[in-house]
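S.K.: Position chain D relative to chain V; hints supplied.
Residue numbers (full-length UniProt numbering), protein chains in the order written: chain V, 1 to 219; chain D, 1 to 219.
Please note that the accuracy of each hint is not assured.
Pairwise CB distance ranges (calculated) [to be verified]: (1) D:Arg111 <-> V:Lys176: 19 to 25 Å; (2) D:Glu110 <-> V:Val162: 17 to 23 Å; (3) D:Thr172 <-> V:Arg126: 36 to 42 Å; (4) D:Ala10 <-> V:Gln7: 35 to 41 Å; (5) D:Asp166 <-> V:Val144: 43 to 49 Å.
So these bits of chain V aren't anywhere near chain D, every CB distance computed over 10 Å [as the list claims (entries may be wrong)]: (6) Gln6; (7) Gln7; (8) Glu11; (9) Ala18; (10) Glu21; (11) Asp38; (12) Glu44; (13) Thr120; (14) Arg145; (15) Leu160; (16) Val198.
Source of the hints: derived by calculation from the structure; they are not laboratory data. As the structure is a computational prediction, the values presented were derived from the model and not from experiment. Even glycine gets a Cβ: it sits at the ideal position worked out from N, Cα and C.
There are 2 protein chains.
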Amino acid sequence: MRDVFQQELAEVQERLIAISELVAISIENAVRAFNESDVSVAEEVIENDVRIDELTVALDELAINILARQQPVARDLRIVVSALRISSSLERMGDMAEHIAQLARYRFPERAVPKGLRSTFAEMGRLDVEIAKKLTQLLRTQDVRLAEEIRNEDDKIDELHVSVFDKVLGETWKGKPLATVDATLASRYHERFADHAVSIAKKVQYLATGEWIPETDLP
Amino acid sequence: MRDVFQQELAEVQERLIAISELVAISIENAVRAFNESDVSVAEEVIENDVRIDELTVALDELAINILARQQPVARDLRIVVSALRISSSLERMGDMAEHIAQLARYRFPERAVPKGLRSTFAEMGRLDVEIAKKLTQLLRTQDVRLAEEIRNEDDKIDELHVSVFDKVLGETWKGKPLATVDATLASRYHERFADHAVSIAKKVQYLATGEWIPETDLP
Numbered sequence: 001m002r003d004v005f006q007q008e009l010a011e012v013q014e015r016l017i018a019i020s021e022l023v024a025i026s027i028e029n030a031v032r033a034f035n036e037s038d039v040s041v042a043e044e045v046i047e048n049d050v051r052i053d054e055l056t057v058a059l060d061e062l063a064i065n066i067l068a069r070q071q072p073v074a075r076d077l078r079i080v081v082s083a084l085r086i087s088s089s090l091e092r093m094g095d096m097a098e099h100i101a102q103l104a105r106y107r108f109p110e111r112a113v114p115k116g117l118r119s120t121f122a123e124m125g126r127l128d129v130e131i132a133k134k135l136t137q138l139l140r141t142q143d144v145r146l147a148e149e150i151r152n153e154d155d156k157i158d159e160l161h162v163s164v165f166d167k168v169l170g171e172t173w174k175g176k177p178l179a180t181v182d183a184t185l186a187s188r189y190h191e192r193f194a195d196h197a198v199s200i201a202k203k204v205q206y207l208a209t210g211e212w213i214p215e216t217d218l219p
Numbered sequence: 001m002r003d004v005f006q007q008e009l010a011e012v013q014e015r016l017i018a019i020s021e022l023v024a025i026s027i028e029n030a031v032r033a034f035n036e037s038d039v040s041v042a043e044e045v046i047e048n049d050v051r052i053d054e055l056t057v058a059l060d061e062l063a064i065n066i067l068a069r070q071q072p073v074a075r076d077l078r079i080v081v082s083a084l085r086i087s088s089s090l091e092r093m094g095d096m097a098e099h100i101a102q103l104a105r106y107r108f109p110e111r112a113v114p115k116g117l118r119s120t121f122a123e124m125g126r127l128d129v130e131i132a133k134k135l136t137q138l139l140r141t142q143d144v145r146l147a148e149e150i151r152n153e154d155d156k157i158d159e160l161h162v163s164v165f166d167k168v169l170g171e172t173w174k175g176k177p178l179a180t181v182d183a184t185l186a187s188r189y190h191e192r193f194a195d196h197a198v199s200i201a202k203k204v205q206y207l208a209t210g211e212w213i214p215e216t217d218l219p
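So here's chain V without its partners, still in its complex pose (with noise of 0.2 Å):
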């Protein structure tokens, strides 16, 4: 039974990281479609995410199976628990890359990368992607420096965030409408996509190393 049961949980892992690897794949097509204006990338985007969502539902199915027939308790149950929550945040983090891809198509065959913020776009984006690989390490190794790592690079995005708005509100913005709505929407998905990776690695340093982290002081 008790092997059975560690059997099942390698298969969550298994299954969480196989959930990563395709988000992670999204970050990164959703942010070269919305830098490059590439709408044939932007639509795999959009096709990627009804696999993602797709497979988060599955794996739901499969950790309240395993709640049913293993009934866990202590630590096992948390495992579990923290499982259904891990995929719910990755589910957003491909919602986020979706929302981002579909800026790049809305607009093409314009930029939706609004002038004086290609830089800053192009760095919140490379950040993006290198969170989600680290993302799918730490699901893959448990190796705590990783959660210490996407903290540090989600402040970096957090001070991007707030640059776009210095920029977008200051004197020197020459943008329309259209480039200020799609700057504030773009920078919002990016920081987004970040927290929720944090949320993601605080509960896998929780596993651990048994510091229960509340889901409130999340970002």
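M.R.: Just chain D now, kept in the frame of chain V:
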């Protein structure tokens, strides 16, 4: 044992109702703070959110505790898992109310509501408050007609959300970048608030009817 479990489920339901009531107070105050630039009401909302966060953490602990001690299966298990998800959505609704209140506070003594959009935001706010109250009723009575009403009101909010962008991107828009940013963020927060309510309503509907709706079918 069975009776204890039923009592504990009743306790979970009572707590969800209590949190939902606080969320309804938060959104009502947030909408008032935002529309009337009332900074002291905005601060109440921000304080109230700390309480909402505490209560959702406590509820999550209770739910995990019930899973560990009662080891529910089948429908009972799904009730407890749904409670965890409902709690998470209520927590996010509280966050959206807080974000709306913060816009009011940041812009004070200026008005956060952009000119030309006062009636739109008044209507979005009215609908969000209506939805929050119906959600509390739904959690209390499990009357699924309320779920339907919440979905209809969410549709109206979605239309208003689109109309905000039509306005901001239209030729008559004279707003400065700050007004454009505020309109974009405020509209998104109002819309997300309602989305989370629809997500909860679907779960309650499932609990009442037995028809399970995957998380990702949600808006």
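S.K.: Taking the hints in turn, state whether each one holds.
M.R.: For each hint, the structure was consulted:
1. D:Arg111 <-> V:Lys176: 19 to 25 Å: Once the Cβ atoms are compared, 23 Å apart, the range 19 to 25 Å for V:Lys176 and D:Arg111 holds.
2. D:Glu110 <-> V:Val162: 17 to 23 Å: Hint holds: Cβ distance 20 Å, inside 17 to 23 Å.
3. D:Thr172 <-> V:Arg126: 36 to 42 Å: holds, 38 Å
4. D:Ala10 <-> V:Gln7: 35 to 41 Å: Since the Cβ atoms of D:Ala10 and V:Gln7 sit about 36 Å apart, the hinted range of 35 to 41 Å holds.
5. D:Asp166 <-> V:Val144: 43 to 49 Å: holds, 48 Å
6. Gln6: Holds: least Cβ distance 19 Å, greater than 10 Å.
7. Gln7: holds, 20 Å
8. Glu11: Holds: least Cβ distance 18 Å, greater than 10 Å.
9. Ala18: About 16 Å separates V:Ala18 from the closest Cβ of chain D, which puts it past 10 Å; holds.
10. Glu21: holds, 18 Å
11. Asp38: holds, 23 Å
12. Glu44: Correct as stated: the minimum Cβ-Cβ distance to chain D is 18 Å, above 10 Å.
13. Thr120: holds, 15 Å
14. Arg145: Non-interface label stands for V:Arg145: nearest chain D Cβ at 27 Å, farther than 10 Å.
15. Leu160: holds, 16 Å
16. Val198: The assertion about V:Val198 holds, with a minimum of 15 Å to chain D.
Checked against the numbered hints above, the structure breaks none of them.
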